[in-house]
Amino acid sequence: MLKFLARRLGALILTAFAMTVVVFALTNIEASLRKLAVSEVSSRATPEEVERWMERSGFTRPIPVRYAEWLGVAPAYVTESDGRLYGRCVRQGMTLADVPRYCGVLQGDFGYSKVLRDEVSAVIGRSLALTGKLMFWVMLLMVPAALIVGVLSGMREGSKLDRTLSTFSIATTATPEYVSGVVLIAVFASTAVGLRWFSGTATGAMEDATFENFFLPVLTIALYGVGYIARMTRASMTEVMTAQYIRTARLKGVSFPNIVMKHALRNALIAPFTVIMLQFPWLLNGVVIVETLFNYKGFGWTLVQAAGNNDIDLLLACSVVAVVVVLVTQLISDVGYVFLNPRIRVS
Amino acid sequence: MKGQSVAEVDEPILVIENLSISFFTRARKIPAVMDFSVTVRPGEAVGLVGESGCGKSTVALGVMRDLGTTGRIVGGRVLFKGRDLAAMSDAELRQVRGREIAMIYQEPMASLNPAMKIGRQLMEVPMIHDGVSAAEARERAREVVADVKLPDPDRILDAYPHQLSGGQQQRIVIAMALMARPSLLILDEPTTALDVTVEAAVVDLVRGLREKYGTSMLFISHNLGLVMDVCDRLCVMYSGEAVETGAIADVFDRMRHPYTQALFRSIPLPGADKTSRPLVAIPGNFPLPHERPRGCNFGPRCGYFAEGRCDGADVPMGAVPGDDRHFTRCLRSGEIDWARPPAPPVVAPRLPPGDVVLRMEDLRKYYEVAGGMFGGGLAKVVKANETLSFEAREGETLAIVGESGCGKSTLAKVLMGLETATAGKILLYNEDIQDTPIARRNTDTVSSVQMVFQNPFDTLNPSMTVGRQILRALEVFGEGGSEEARQARMLELLDLVKLPRAFAERMPRQLSGGQKQRVGIARAFAGGARIVVADEPVSALDVSVQAAVTELLMDIQRTNRTTLLFISHDLSIVRYLSDRVMVMYLGHVVEIGTTDQVFSPPYHPYTEALLSAVPIADTRVTKQRIVLEGDIPSAMNPPPGCPFQTRCRWKGRVAGGLCEREVPPVVTLAPGHQIKCHLPADVLAGMEPVIQVAAE
Chain A
1 MLKFLARRLG
11 ALILTAFAMT
21 VVVFALTNIE
31 ASLRKLAVSE
41 VSSRATPEEV
51 ERWMERSGFT
61 RPIPVRYAEW
71 LGVAPAYVTE
81 SDGRLYGRCV
91 RQGMTLADVP
101 RYCGVLQGDF
111 GYSKVLRDEV
121 SAVIGRSLAL
131 TGKLMFWVML
141 LMVPAALIVG
151 VLSGMREGSK
161 LDRTLSTFSI
171 ATTATPEYVS
181 GVVLIAVFAS
191 TAVGLRWFSG
201 TATGAMEDAT
211 FENFFLPVLT
221 IALYGVGYIA
231 RMTRASMTEV
241 MTAQYIRTAR
251 LKGVSFPNIV
261 MKHALRNALI
271 APFTVIMLQF
281 PWLLNGVVIV
291 ETLFNYKGFG
301 WTLVQAAGNN
311 DIDLLLACSV
321 VAVVVVLVTQ
331 LISDVGYVFL
341 NPRIRVS
Chain U
1 MKGQSVAEVD
11 EPILVIENLS
21 ISFFTRARKI
31 PAVMDFSVTV
41 RPGEAVGLVG
51 ESGCGKSTVA
61 LGVMRDLGTT
71 GRIVGGRVLF
81 KGRDLAAMSD
91 AELRQVRGRE
101 IAMIYQEPMA
111 SLNPAMKIGR
121 QLMEVPMIHD
131 GVSAAEARER
141 AREVVADVKL
151 PDPDRILDAY
161 PHQLSGGQQQ
171 RIVIAMALMA
181 RPSLLILDEP
191 TTALDVTVEA
201 AVVDLVRGLR
211 EKYGTSMLFI
221 SHNLGLVMDV
231 CDRLCVMYSG
241 EAVETGAIAD
251 VFDRMRHPYT
261 QALFRSIPLP
271 GADKTSRPLV
281 AIPGNFPLPH
291 ERPRGCNFGP
301 RCGYFAEGRC
311 DGADVPMGAV
321 PGDDRHFTRC
331 LRSGEIDWAR
341 PPAPPVVAPR
351 LPPGDVVLRM
361 EDLRKYYEVA
371 GGMFGGGLAK
381 VVKANETLSF
391 EAREGETLAI
401 VGESGCGKST
411 LAKVLMGLET
421 ATAGKILLYN
431 EDIQDTPIAR
441 RNTDTVSSVQ
451 MVFQNPFDTL
461 NPSMTVGRQI
471 LRALEVFGEG
481 GSEEARQARM
491 LELLDLVKLP
501 RAFAERMPRQ
511 LSGGQKQRVG
521 IARAFAGGAR
531 IVVADEPVSA
541 LDVSVQAAVT
551 ELLMDIQRTN
561 RTTLLFISHD
571 LSIVRYLSDR
581 VMVMYLGHVV
591 EIGTTDQVFS
601 PPYHPYTEAL
611 LSAVPIADTR
621 VTKQRIVLEG
631 DIPSAMNPPP
641 GCPFQTRCRW
651 KGRVAGGLCE
661 REVPPVVTLA
671 PGHQIKCHLP
681 ADVLAGMEPV
691 IQVAAE
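Protein chains in written order, with the numbering used here: chain A, 1 to 347; chain U, 1 to 696.
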């Protein structure tokens, strides 16, 4: 087991490394750096001013060197000009003596977000906590709902109940969040219909989430995922229900509810389990639309900000977080598999 | 419960009266069982025999009223202890299922819930039906597990199904059926998926339990020999109908239906070989449910068919005068001379074997299995083949016999080049091929060593016509210079395997199992194969088709002088068609010799047990009953010394525990007859024959 975990951890680090190399190279394309310079200096900056800014910020040096600095394996670049210090380790109020020699990821420093004017680690921590909160409630609503719908429709394939629930699942999966979100707001949070049950914005939920201000974003995301997981569960359930051991149970005299609960359920959950675990990475990045729609400044919103403004440090941190979340959830799903399915031994 | 059934001893447990079951699909109604009647009395075991698709399993599921959403009982009654099962509510039915009628299934692995511990699956039965506590249910489960002769019940109860062997799983399924002491047990091909010696042990167990509990049984099987071993009465089914019912002795010795007779004539009996009692295949094919003929269903394939009578109206069941409850569905049963032997066949003379074409010298094949992740990564070695030495001559049939895990498939793989040998030599026409994988063999070698596979259903590409598949083989082997030449050769090959030329255009799904196997044979012979490895070529086929396919293989062999390596676990068919026999156990050749040498004493103790395990459908045969204890040891962890010592009943006759220390040397008993055994010569000489045919 330990060996397995160590191997997976190694894979995680390697993937994160490869991912950051790619993101670093893409965010450091010279054209976008110049664009950054223009927005940093002034919109009417002359080419000379841009050039000077680039030089001062250290962007004219080769990419591998800068990547090593970001990683924290090479001493960071610091320069002084016009009595001000420039460089990735420099923070407000520092003198040259205060500036640390290394300030990369390995030292736990993810850098400074130029757009949000804050430490990247603080920004990421805040937005992850917010998205985590959203994710938690979405999962709490989506997973049980999807499993119930899937099991109910899969236990008697072709019945009226199955057809009704299948129609529902297909409809919800086929409706993207930007449609269902808008519809839900129009119906439940606007004067258009008049049912002003919920709030159309989740800004307040960042501080203090209530049913009133948080339910609509949660529902919007959950609805989309419910259909998908329910379809997977249904397929797995219908297959299990035709298995010979279900016939064995039936001919032992086990009642139908007990067949479903005791004999079919655990076997039927093996396939959807992977899909559910795959929802985590999707939730992390896929909630962009919903977070924007409800003005909820979570991870997706932050990622959009970072990408839109070529906020190098923030983007890199986002990609590291994304890789870690994906691989960790997959690790959890592999371990969980072993508990669901006794035939599989971790190896 | 038990006390009552003794009091009502005369009332039958189960009465099926004129039962008809149909399946309803969108296109049509498919009658699966028609006008079927059978009675099971208390303590009686009734066999239900027939080929696949004849409706015997449907009868069983009809009794359990578990026909799915498409099946329905459309006529007749099923009375269980006088109560009509068809009229029961779901709740009443649940009371009967598991408690009064229990079922044992064909595939034990699939019948057990993979994600539930054995103990819980067993405990469920008394907990549902008798409302006992979990502790008491577990206690009862322990008893029953001990009853089905499984060692270490506590460990078994805490195991998951996949941790047990096939034989153990089947014992668990039997234990589960016995948990509530049912009065009727339905066994649906309970041993088909098991090895012969395991099958013999399970059958022995079933018989013992029947004596102990007095349970009535409905025993479904396609194997007449097994039915004779287990049952008092039997019912032969054909195409949805019962064609003959009666006591075992009546039906076996005085059959009164042409189908029953044809069935018996198509199975090889160990008392006879191919010259003295040739197999007679039943001509034609099993009719599909919607293509059944008018009148007698067996009419078109029957040798006694009388036009105008047999194809007139439906044939009713009629009593056979003089016998007790012996019925047949044949209009002409009184007119046919049942004792007349089948027409003597054109006996082809046995060919003298030619030169040695294949020689194996000390062949070994070891597999390395990586240790589990908890095992610290220690690699284990599986010795799949140990020091195999034998030779095969041109035109000869060498049978390789053994149970699963004995290494016979590994041997075939090494010979084919799918694996390379670890040590030793394979000489094909004096050319070393042991180290050449199939990808590097030249076309000549590949086409001269070919294989016929066990399961014809999986080995044909489902999206390619039959003709195309044979043409592909011809192209690969570089046969024929042009497309036309190959086309002509393909049609010749279809002739060779006795398939109509029109079949070239058909897709595999349009063919029956026997026809598919013929295509497989045609493909194997496409490149003029010199050596054909036939891996259980008929075991997946129905009895009546087996004979025809076997006959075909022999015919082709005779004309082409092909060397046939016939891998099988069925000793009856081995005796019937092979010239020499090689018996394998855990990777070792334990006995090799001519067919007569191997099938008569002195035997290797394992051969003796194998012979005893074969069910024989002949009332004149008496055989010694030797039941092997336990399972075949794992090849990962073979026992020290002689591989067979853990199950050998002769071990005590070897002095000084030699069997546990040393692998026995190869002893030559007679020219060409070798065994690997420590037994002294006088003990071997004193062995009795296992199978004896009473003089008529």
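FYI, nobody ran anything at the bench for these hints, they're computed from the structure.
Where is the CB? At the ideal position from N, CA and C, for every residue including glycine.
Any given hint could be a false lead.
[What the hints assert, rightly or not] Computed Cβ-Cβ distance ranges for the label pairs, DEER-style:
#  : chain 1 : residue 1 : chain 2 : residue 2 : range
1  : U       : 27        : A       : 5         : 52 to 60 Å
2  : U       : 158       : A       : 170       : 41 to 49 Å
3  : U       : 158       : A       : 145       : 34 to 42 Å
4  : A       : 171       : U       : 27        : 30 to 38 Å
5  : A       : 258       : U       : 291       : 41 to 49 Å
6  : A       : 170       : U       : 554       : 29 to 37 Å
7  : U       : 438       : A       : 239       : 48 to 56 Å
8  : A       : 170       : U       : 69        : 46 to 54 Å
9  : A       : 145       : U       : 507       : 21 to 29 Å
10 : U       : 465       : A       : 31        : 58 to 66 Å
11 : A       : 170       : U       : 457       : 31 to 39 Å
12 : A       : 193       : U       : 72        : 46 to 54 Å
13 : U       : 462       : A       : 256       : 29 to 37 Å
[What the hints assert, rightly or not] Using 27 Å as the maximum straight-line C-alpha spacing, the simulated DSSO-like pairs for lysine-lysine come out as follows:
#  : chain 1 : residue 1 : chain 2 : residue 2
14 : U       : 149       : U       : 117
15 : A       : 160       : U       : 29
16 : U       : 212       : U       : 81
17 : A       : 262       : U       : 117
18 : A       : 133       : A       : 297
19 : U       : 623       : U       : 212
We went through each hint and held it up to the structure:
Distance hint for residue 27 (chain U) and residue 5 (chain A): a CB-CB separation of about 55 Å, consistent with the stated range 52 to 60 Å. Between residue 158 (chain U) and residue 170 (chain A) the C-beta distance comes to about 43 Å, which sits within the given range of 41 to 49 Å. At about 35 Å, the CB distance of residue 158 (chain U) to residue 145 (chain A) agrees with the hint of 34 to 42 Å. The beta-carbon spacing between residue 171 (chain A) and residue 27 (chain U), approximately 32 Å, falls within the hinted interval of 30 to 38 Å.
Taking 41 to 49 Å as the suggested C-beta distance range, the pair residue 258 (chain A) and residue 291 (chain U) conforms, at roughly 42 Å. At about 58 Å, the CB distance of residue 170 (chain A) to residue 554 (chain U) disagrees with the hint of 29 to 37 Å. A beta carbon spacing of about 36 Å between residue 438 (chain U) and residue 239 (chain A) contradicts the range 48 to 56 Å that was offered as a hint. Against the hinted window of 46 to 54 Å, the Cβ-Cβ separation of residue 170 (chain A) and residue 69 (chain U) comes to about 23 Å, which falls outside the hint.
A hinted range of 21 to 29 Å for the beta carbons of residue 145 (chain A) and residue 507 (chain U) is inconsistent with their spacing of about 45 Å. Between residue 465 (chain U) and residue 31 (chain A), the C-beta spacing of about 59 Å keeps the proposed range 58 to 66 Å intact. Residue 170 (chain A) and residue 457 (chain U) have their C-beta atoms about 35 Å apart, which keeps the hinted 31 to 39 Å range intact. At about 50 Å, the CB distance of residue 193 (chain A) to residue 72 (chain U) agrees with the hint of 46 to 54 Å.
One distance hint, 29 to 37 Å for the beta-carbon pair residue 462 (chain U) and residue 256 (chain A), holds here, with the actual separation near 36 Å. For a cut-off of 27 Å, the pair hint linking residue 149 (chain U) to residue 117 (chain U) stands: about 19 Å separates their Cα positions. Among the hinted pairs, residue 160 (chain A) with residue 29 (chain U) is consistent with the structure: their alpha-carbon atoms are about 24 Å apart, no more than 27 Å. This hinted pair checks out: residue 212 (chain U) and residue 81 (chain U) have alpha carbons roughly 21 Å apart, not beyond 27 Å.
Under the criterion of a C-alpha separation no larger than 27 Å, the hint pairing residue 262 (chain A) with residue 117 (chain U) is consistent with the structure, at around 12 Å. A C-alpha spacing of about 12 Å is found between residue 133 (chain A) and residue 297 (chain A), which places the hinted pair at or below 27 Å, so the restraint holds. Between the alpha carbons of residue 623 (chain U) and residue 212 (chain U) the distance comes to roughly 23 Å, so the proposed pair stays at or under 27 Å and holds.
Violated hints for the displayed structure, listed by number in ascending order: 6, 7, 8 and 9.
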